[in-house]
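Guided by the hints, dock chain B onto chain A, whose structure is given.
Those protein sequence lines, which keep their order, are chains A and B.
Residue 249 in this note's numbering sits at position 249 of the first sequence, and the numbers go up by one each step.
Residue 227 in this note's numbering sits at position 227 of the second sequence, and the numbers go up by one each step.
One thing to keep in mind: the hints can contain errors.
[Unchecked claim] So the derived label-pair ranges between C-beta atoms look like this: (1) A:66 - B:130: 32 to 42 angstroms; (2) A:134 - B:262: 57 to 67 angstroms; (3) A:66 - B:251: 37 to 47 angstroms; (4) B:11 - A:114: 51 to 61 angstroms; (5) A:168 - B:262: 36 to 46 angstroms; (6) A:137 - B:90: 28 to 38 angstroms; (7) A:111 - B:90: 37 to 47 angstroms.
Read the hints as simulated data drawn from the structure, not as lab findings.
Computed from a prediction, not measured in an experiment: that's the story for all the values here.
Even for Gly, the Cβ is constructed at its ideal location relative to N, Cα and C.
Read off the chains here:
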Amino acid sequence: MSVLEVHDAAVTLDRRVIWQEATFRLERGTVAAVLGPNGAGKSTLLRAVVGLVPLSAGAVTVFGAAPRRGDPRVGYVAQSRAADALSTMTGRDYVGLGYDGPTVGWRRDRARADVVARALALTGTTTFADRPMRTLSGGQHQRIAIAHATVFRPELLLLDEPLAGLDLAAQAEVVDLINLVRDQTGAAVLVVAHDLNPLAPIVDRVVWIARGHVRCGSPDEVVNEATLSELYGHPIEIVHTARGRRVIVGLDEEFAHPHPHGHVHENEDPHAHLAEVYDEVTR
Amino acid sequence: MSLTTLLGFTFVQNAIYAVTAVALAAGAVGYFVVLRRQAFAAHAIGHIGFAGAAGAVLLGLAPVVGLLVFCLGAGLMIGLAGASLDDRDAVVGVTLTAALGLGVLFISLYSGYANATYSILFGQILGVTTGDVWLVAGLSAAVLLTVSLVYRPLLFVSVDAQSAAVRGVSPMGYSVLFMGLLALTTVVAIQIVGVLLVFALLVAPAATAAALTGRPARAMLLAMALALASSWIGLALAIWIGGPTSFWITALASLGYLGARVRLRVGQTHGQRVAA
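This is chain A alone, in the form it adopts within the complex (with noise of 0.2 angstroms):
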């Protein structure tokens, strides 16, 4: 059984199609890249895997069922978290909230302290995990969200943009920490990227988001002329560096050049914002 399954899947938000014809299976130990233009529904195709995001064709299973919120064996670590209510916390509190925060009651679980430690020593966050949040670099904040999301040992983990925002060090810091993660849990891994090329080195699968359409497939099997001037309704033409990376041109400005520059113009495009609003409406 695949860990994730998407069969066919569209999701409309205000009557206006985000996406449709997403078909594509994450099994164990995998590591799939999402990507495409701002806007295009990544992180809306992470909230779908969730349930927190409603389908309007198709199906999205996990685990064999449908998404259900408050499952442990999916961890998620959302791309905007409220840096200013976070900052004065120590990154232990936080990955003990993703213990047991969700827990009505009085109890308090023995095993906890152990949990959170243990989370904390595969993410290698020990030593600045007593430390206020404010204090860490991006890149430091960026593994202790991934230690909250991996303490339960999740069997499928979604990250949104964990990339976005960090210096090429920072970058390859992450990236080698969900590749530790994946190989340690075994988890299939969605992570939700701008630029392929920083997690090449680890991905195994590419689904690919433009103009509504969705294609998956192997990195050589999506991220080549033909498919990306398909899915563009454009000519894409793709150099291949010394090194092995791709420079897509065609696309837009931000993904004709290797490097990110850091910065996700979230409300370019009209979809980002509808997803947006109604994220809200949702909750």
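Same frame as chain A, but now just chain B:
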């Protein structure tokens, strides 16, 4: 007058019981007000309560009835509309304006002496009756019990709403629940310090605590202790030196916050020097 003589008066005893109950609830809820950045909502609910109290007086009811109805109503509205940060301030602002307009209307329609509304605005701690004490203690106990039960999910949803939603904690549900708790706490705090100074117990101790420690449980307990300390000392100063109790409580709470900010600033400068 000796301490034992003072403590023998029922009105002094009632005042002590009432501030204790109020300070504990306000400190605990205040911590989440600061964490969730809902100080404006806390401010608005108090003022909306004033309109309710004025309406109750006009109808010949106890002001606290109007307070409860208006504060809870406003809390639910703000909670439902304001799970998203984007339009929260606008929703709060418009609700506040509408309620204050009603308050003005109610007071102008009321032909009698508006003493009751005056005490709603500025508090009347030394006029607390035994019945008031029971009401305040009951509501505070309910608030504290609820906060202690939902402490973890409320904290989770307050610092990271998206992850909490994925884990099955409803941001909307907790937004409404929290505004309900805030409304109840505001109603009891108004009895003591009045609408205008409700911040003294609801925001100042929690902001002070949050500036002193980042550990959530520690900050919440510290907020409760600070609210309690400023209430007790404020009450004592008002009895011994004179002047309005709410003035003393406000002054102490604000000074505490100022002190914490200064300490934080000194600590940061010191830290920078060490780092350099």
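A quick look at each hint next to the structure:
Checked against the given bound of 32 to 42 angstroms, the beta carbons of residue 66 of chain A and residue 130 of chain B, roughly 57 angstroms apart, lie outside it. A hinted range of 57 to 67 angstroms for the beta carbons of residue 134 of chain A and residue 262 of chain B is inconsistent with their spacing of about 19 angstroms. Here the CB-CB span from residue 66 of chain A to residue 251 of chain B is close to 58 angstroms, at odds with the stated 37 to 47 angstroms. In this structure the hint that residue 11 of chain B and residue 114 of chain A lie 51 to 61 angstroms apart at CB holds, the actual value being about 53 angstroms.
At roughly 40 angstroms, the beta carbons of residue 168 of chain A and residue 262 of chain B sit within the given window of 36 to 46 angstroms. Our hint of 28 to 38 angstroms for residue 137 of chain A and residue 90 of chain B holds, since their Cβ atoms are close to 35 angstroms apart. Taking the beta carbon of each, residue 111 of chain A and residue 90 of chain B are about 45 angstroms apart, inside 37 to 47 angstroms as hinted.
Violated hints, listed in ascending order, are 1, 2, 3; each of the other numbered hints is respected by the structure.
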